[in-house]
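Q: Listed below are the residues making up each chain.
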Amino acid sequence: MLIGHQPKDFLLSVEGLTVSFDGFKAVNDLSFYVDENEIRVIIGPNGAGKTTVLDLICGKTKATSGSIQFRGQELTKMKENEIVKAGVGRKFQTPSIYDDLTVFENLEISYPKGRSVVGALTFQRDAAVRERVEEVAEMIFLKDRLDMPAELLSHGQKQWLEIGMLLIQDPELLMLDEPVAGMSVSERVKTAELLNRIIKDRSVLVIEHDMKFVEDIAHKVTVLHQGKILSEGSMEAVQKDPKVIEVYLGH
Amino acid sequence: MTAKVNDNPRFVNRSELLGILILAAFLVVVLPLMTDVFWLNLVAKYLTYSFVALGLVICWGYGGILSLGQGVFFGLGGYCMAMFLKLEASSVANTKIQSTPGIPDFMDWNQITALPWFWQPFHSLTFTIIAIIVVPALFAFIIGAAMFKRRVGGTYFAIITQAIAAIMTILIVGQQGYTGGINGITDLRTLKGWDIRPDHAKVILYFVEVGLLFVCIMIAQFIRHSKLGRILVAMREKEDRVRFSGYSVANFKVFAFCVASIFAAIGGAMFTLNVGFMSPSFVGIVPSIEMVIFTAVGGRLSILGAIYGTLLVNYAKSSLSDSFPELWLFGLGALFIAVVMAFPNGLAGIWSDHIQPYVDRLISGRKPKSWSDSSVADGAPAE
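As you go down the protein sequences, you meet chains A and B in turn.
At position 173 of the first sequence the residue is numbered 173 (the working numbering), and the sequence of numbers has no breaks.
At position 234 of the second sequence the residue is numbered 485 (the working numbering), and the sequence of numbers has no breaks.
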C-alpha cells in the first residue's frame, strides 16, 4: 500500500499536524512516528494537547493542516467509522460504555461484524461471536460478569470493559486516554499486566499521568508541551532532559 | 427481561409472548364481544394513534430521537388513502352537477378544472398502498439524512420536526384547491366499490387494523431483539462510543426515524378508512405532541405499553373532554409532567418494576435475578 520510497515502514506517521481553535493552536506542527508493536506513551502537563492528538487521529477533530498516515492511508480525510475499519481503536478518558446493556452486549456491539444497518438487523449471535466475547471477557477479568448490566460495574471494571470493547475490534493501533485514572493500586497493576498482554501484534498509543505506570509499560515516551514535542525517547532519557524537568516533572 | 446471554430470540421471549397474547385476546376477543360498533369504531380510531406511538418507541424510546412531528407522517399516510377514496367517490356519475364532473368536489369549488398531476396516480389502489409506505419513508429519509449527517440531534431535531409539522399544516390549509384545505378530504364512501361506512364494514376494518397493528408489533419486536435494537440503545447513551466502534451513527438514526414514520403512515391510512375523512388537524404540532404524550404515558421503552398508553389517554380524553372540554388540555399537560417526573418509564415501568416480579415468580417459581434490568424492561402495563 505504501507509495514512494520510505526509509522505514512506520505504522503511524504524523507529520506537520496542526489544529487551531479560533486562532489558538492546540497542536502545532507536530510530527511523530509509531512503530509496529510499539507502546508509545504521551505525557505532558494539562492543556499540552495530548487528548487533541488522539481526537485528530481518530477523526473526532479535523486537522487544520498536516497529515496522519496509517498504513499508507490518509486518516485526516476519512470518516470516524472508516478510520475504525482501517484498524484504529480509541478509548475515551472517562469510561465510555453502554450502561443499559449487559457486559456481553457491550462487547458484542464492538464485534466487527454487521456494522451496516442491514448487517445489524440480520446479525446472528453465533458460536464464533460468543466464543470471541468470552475470550475477551476473560482477558479483561470480567468473565463472570457477562450477564450483568454494565452500569453496576466498578469504575475500574468499566475501564477494562471499554478496553475489551476495543480489543474485540482487534485494532492494529490502540489509543488509550488515561486508562488507569481513578483506579486502585491493585487495579493499576492488573491493567499494566493486561496492556502488556494485549500489545502482541499491535501498537498502543497511551496518554497517562501516572509516572510509575508509564515506567512500567512505555517503550518510548513523547513529551508534549503547548502543542509541540518537547522531548522524545526512552523514559530514562526523557526524565533526564532538562527541558522536561523544567516544564513538567520538576513541578 | 429475564433473557440469559445465550438465548437471543429473534422476535419475542416468553414474557413478551404472554404480553402480546393478552393484548391480542383483549383486542380481538374481549373488546368486540363486550362493546357495540360505536365503541369499537372509537377504539379503532385510538388504535390508529398507537401505530404512531409504536414508531416513537423505536425512534424515541430506543434511539433517543425525539420527533415532535410524527403527525406529518400520520397525515401523509392518511392523505394518500383519502386521495384514493376521494377519487373513487368523485366518479363522473357522482359529480355530474359540478361544473367539471369527475374531480373531487372541493377542487370544483376552488375553480380547478382538471385533476392535478399528483392526484392522477391515486386512481390505482396498488399505487396508493405503495405510496402510503414510500412517500412518508422517503420524506423521513430526506429529513433524517439532512439532519443526522450534519449531526443535528436532540432538542434541535425536535424543534425542526415541530417546524415541519407547522409548515405542513399551513401548506395543506393554504392549498385548498389541491388538498381540501382546513376541512380536509371528506365524504369518502367506497373502497373498490365496497362501502366503508356501514357498521359491518367498520367491524371488518377494525379487525384489519388490529391485524396490521400486530404486524407492526412483530416488526418492532424484531428490530428490538436484533443487534440494531441494541445499537439504538447504545447510541442513545454514548453516541461517540458507537461512532468510534465503526458504525455510521447517522444511518442508524435515519433508519429508526424512517421506521417510525412508516408506522405512523400506516396508522394514518387506517384512520382515514375507519373514521372516513382526513384533515390538517391531525398533522400539526398539537396532535404530534399528543402522540408523544401517549407514548410517554404508556412507557417509551415498551412496545406494548405504548399501545395501552394510547388507548388509556384517548379513553380519558373522550370521557373527560365531553364533560370538561376546557380542562382537558391542562389535564394532558399535567399528565405529561407527572409521567416524566414520577414515572419516566410510564405504565410499563410501573408494571415491570412492581408487578412483573410477582407474576414471574407465580409463573415459574424462580427467583428474580439479583440485578434488575428495569431500564430496558418491557412488558404490558397494568390495566
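For the record, the hints were derived by calculation from the structure and aren't laboratory data.
Accuracy of the hints is not assured; some may be wrong.
Unchecked claim - Cross-link-like lysine to aspartate or glutamate pairs, in silico, EDC-like; alpha carbons within 20 Å at most: (1) 228(A) with 216(A); (2) 62(A) with 490(B); (3) 296(B) with 438(B); (4) 60(A) with 488(B); (5) 25(A) with 9(A); (6) 60(A) with 491(B); (7) 453(B) with 287(B); (8) 113(A) with 491(B); (9) 489(B) with 177(A); (10) 85(A) with 491(B); (11) 62(A) with 438(B); (12) 190(A) with 232(A); (13) 200(A) with 82(A); (14) 228(A) with 193(A); (15) 489(B) with 151(A); (16) 113(A) with 144(A); (17) 489(B) with 135(A); (18) 143(A) with 187(A); (19) 489(B) with 178(A); (20) 85(A) with 438(B); (21) 347(B) with 359(B); (22) 220(A) with 187(A).
To be verified - What the simulated footprint calls covered on chain B by chain A, stretch by stretch (three residues with Cβ under 8 Å from a Cβ of chain A suffice, anywhere in the stretch; the number is not a length): (23) 273-281; (24) 358-365.
Cβ coordinates follow ideal geometry from the N, Cα and C atoms, glycine included.
Q: Determine for every hint whether it applies to the structure shown.
A: Hints and how they fare:
1. 228(A) with 216(A): violated (25 Å)
2. 62(A) with 490(B): holds (18 Å)
3. 296(B) with 438(B): holds (17 Å)
4. 60(A) with 488(B): Measuring from Cα to Cα gives roughly 18 Å; hence the hint holds.
5. 25(A) with 9(A): violated (29 Å)
6. 60(A) with 491(B): holds (9 Å)
7. 453(B) with 287(B): Between residue 453(B) and residue 287(B) the Cα gap is close to 11 Å, so the pair holds against 20 Å.
8. 113(A) with 491(B): Measuring from Cα to Cα gives roughly 18 Å; hence the hint holds.
9. 489(B) with 177(A): holds (17 Å)
10. 85(A) with 491(B): Roughly 15 Å between the alpha carbons, so the hint for residue 85(A) and residue 491(B) holds.
11. 62(A) with 438(B): Outside the cut-off at roughly 58 Å; violated.
12. 190(A) with 232(A): Since the Cα atoms of residue 190(A) and residue 232(A) sit roughly 27 Å apart, the hinted pair is violated (cutoff 20 Å).
13. 200(A) with 82(A): violated (23 Å)
14. 228(A) with 193(A): violated (31 Å)
15. 489(B) with 151(A): Holds - the C-alpha atoms of residue 151(A) and residue 489(B) are around 13 Å apart, at most 20 Å.
16. 113(A) with 144(A): violated (24 Å)
17. 489(B) with 135(A): violated (24 Å)
18. 143(A) with 187(A): holds (16 Å)
19. 489(B) with 178(A): holds (19 Å)
20. 85(A) with 438(B): violated (57 Å)
21. 347(B) with 359(B): holds (11 Å)
22. 220(A) with 187(A): It is violated: about 23 Å lies between the C-alpha atoms, which goes past 20 Å.
23. 273-281: violated (count 0)
24. 358-365: violated (count 0)
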